[in-house]
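Colleague: Line by line, the protein sequences give chains A and B. Numbering follows numbering that gives the first Met the number 0, with no gaps: position 74 of the first sequence is 73. Numbering follows numbering that gives the first Met the number 0, with no gaps: position 132 of the second sequence is 131.
The set of hints was computed from the structure by calculation and includes no laboratory data. This one's a predicted model, so the numbers in the text were calculated from it and none came from an experiment. Where a beta carbon is used, it is the ideal one built from N, C-alpha and C, also for glycine. Just so you know, not all the hints are guaranteed correct.
Rough simulated footprint, nothing fancy, chain A against chain B, three-plus residues with beta-carbon under 8 Å [claimed, not checked]:
| hint | segment |
| --- | --- |
| 1 | 31–45 |
| 2 | 334–343 |
| 3 | 348–357 |
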Amino acid sequence: MGGRAGARATYPAGGIPMKIRVDSEKCQGHARCYGLAPEIFDVDDYGQASVLLDEIPPELQEKARLAVANCPEYAIEIVSD
Amino acid sequence: MSHTAPVQDWATDFDVLDPRYVSDPFSIWDDLRKSCPIAHTDRRKSSWLPTRYDDVTAIAHDIAHFSSLKVAVIPGDEDEDPNADFDGPNLEYGLPPISADPPLHTWTRRLLLPWFSHTRVDSYVPLTRELCRGLLDRFADEGRADAAADYAQQIPVRVIARILGVSTDLSDTFTGWVRDVLEFADDPERRQRGAEGLLNYFLGQLEDRRQHPGDDLLSELLTTEVDGTPVDDGIVLGMAALVLIAGVDTTWSAIGSSLWHLAAHPDDRRRLATEPDLMATAVEELLRAYSPVTMAREVTEDVEYGGCPMKAGDKVLMNFPAANRDPEAFEQPDEVQLDRAHNRHVAFGSGIHRCAGSNLARMELQVALEEWMARIPEFSLAEGQEITWAGGQVRGPRILPVVFP
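Next comes chain B alone, as it looks inside the complex (with noise of 0.2 Å):
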């Protein structure tokens, strides 16, 4: 069960899901910097928080001692057992590359890159910017929007759905299942319902593949080779499932996040309007100060690490945007500065697990902030209306009333 007590010390019981963490959680890793970089608690699980740069891409680079065959920051069944109460194909290897280590990580890791990268994901632009003015052009005159929900949760789950070769008319569906999973982890029966909901699908669709190949991403996972050998059922179910967990509430979340600071930061809005050169580097900043993405590892033997007393099974969370907010790491870390020169940032990880998706990712956001600029490039948020944000695995805001002239 989850413990849901209002957290009083942060650095022995910390709680990803406190509404506090939620809403505001660099305040939190101010202090924990100072007082206790590697926070702990036996909340659902014994887990670690770094929230120093170098401590994050320190353990993220040590795949010996952390494993990603767990990587969900929310305990769920599968931390026990991966194919608890789901029949069909063994997802014993969960989702790879994600939840893989080498060797299964590296060769799984290889069927997929080549669909993200940057000249495949330049096929990608034109659809994705004419998606974008589609969804525009039902707000745009209404002079107010819910630029979460009208918008940036429309973006990304309809380009994944192009490349996996499934229909965009689902996408609504799939969005749902993904925040099942990804959002309301903390709930048993919404993780159990989206889990089944996508993996059942993808079962009929891989199926429907084999009859009819196409040119997407499943149909070539179903026909290709590796070492001479058919890739097993149970990957190719779990490579597809992860291109769609992946590719959803993430880069939405990047392009919430984004669309928020600029609405609340009039002068950094009104300098991209007039300064659209500076978008490349805006874009890096707005990533590393709104990174979406927590990733878990697990502890595969008993270790101490920056004099944390690590056990075999422990979880570490991945904190990454901690990691990009520390001042050891940037200037002024707080700040967000659009022409910021200098941004090792790591809001796609670091290390052997750096996003497969980023390059889309990015494009996504970029691409969805220049069309929304390009039509709405006054917009602010809405007084007296409630802004709501998920936290946990991905934080980003879920409803974000804004109005425009």
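If we strip away everything but chain A, and leave its shape as in the complex, we get (with noise of 0.2 Å):
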């Protein structure tokens, strides 16, 4: 996944900066990543999933790309790392 650099300011020190996004287009309600990440993800009445932190912590990055490599729609994305 390709890093974009700028945009964010400050992150905890000795963190790495992960930032996720889910396709709107792809994702179809599989709910996956909200099993797997609920501190990360949430999914609607319909389905629609969507990424709560603008920001994962190192602490959640682990369980992030876990929900990357569980979506059956390949609908979730690193977009920066």
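Mind docking these for me? Both chains are given alone in their own frames, and the hints should help you get the complex.
Modeller: Take a look at the structure:
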């Protein structure tokens, strides 16, 4: 996934910044992301997933990667890492 | 008439109702993936059977060439005329949204989805748990049970009945109708009997809800307006029937297959008993390894896919169970790894027809396994007693004798 510079001001010392996005065209509401990481994702009444956090803190990044790797629609993308 | 001769060549003459396919489709898919990854048959109707993950998901996403108007794996009268011999509202739309393409698919699906959202499904957990405990009470002290008929089969039908707002006392009748439609689809009389029973029952229920509306799904569908117009009676009937048909055999099969696996694999069973935190991941792995559901698509115009000359009107069987065993998509796919971390399975389909009830199914499977494991952590297949499997559209055990201390 392409790293994108800028946009972000600060992040916790020692942590690696990560941003993720859900492609709403691809998302079909499997809700695997919500099941794996409800701290990061929500899924609305119609199955549309969204990302709750602007930046994924280091302690949740492994979970974010798991969500990416389990989405059957390849709808979750790490946009900066 | 159905063709029941044993299959000699799976690549050119497959039959999903062949006893060998029903009992062990896995080795057949393995062979096909290596030799002819999209098999064909002229039995019943010209049909194609993809076995690779990439093909199944690509076809599921190509809704222009592969329509959902006829989703039955075993062709029946409704392939010719959806109203064949049924004296009721017009069912020309079949069972939307599952047997619909956009735009009908889109708005009927939006009406159903909130009933199966994860927040709504959370509210069904207590009744599901209570139901499972009540079933276990009946046989936990007996030392033996039929894990399919006494347990798995009893759970989803009752939860769905509550959501629809119909009597759970009729659960056995509902189960009979759904089995007639799905499992005995190759027997025109049973299939017809199941469809008529179901539709006539819901006709009466809809009339009743018109008089006495409640806070159930049927009542809501009757009072909903879409773009200022009430939903056509035939569409409401089709949606009601769909929720029951799709919500019973499928999840019950997943629960049964999972219990079969745990009964037959003591290491996995003990691991799940000692590491309950593994349950959510294990549920996804069991769904992957024993995906119950195959849906059909109909080819809309002549198209060549993967070197196969598919003709308009042909069926394509969306082999999600085989996709989930594809070694190109999963490491050691025939091995159940309860802690499998990377598991992009498509047990609930792929694309716009992702199972609308997947949150509910997943919850029921997890609660059913949790409650069983809490009460009966040690159990095994009953020696010398026959296990029977249903196959075709939905695969799962129907008789599953187990014993426990």
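Colleague: If you look at each residue in the segment 31–45 of chain B, do at least three have a Cβ nearer than 8 Å to any Cβ of chain A?
Modeller: Since three or more residues must qualify, the claim that chain A covers the segment 31–45 of chain B is violated, with 0 doing so at under 8 Å.
Colleague: Please check whether the segment 334–343 of chain B has three or more residues whose CB lies within less than 8 Å of a CB on chain A.
Modeller: holds (count 4)
Colleague: According to a criterion of three or more residues whose C-beta lies within less than 8 Å of a C-beta of chain A, is the segment 348–357 of chain B covered?
Modeller: As far as the segment 348–357 of chain B goes, the hint holds, because 5 residues have Cβ atoms under 8 Å from chain A.
In terms of the numbered hints stated before, the structure departs from hint 1 and from no other.
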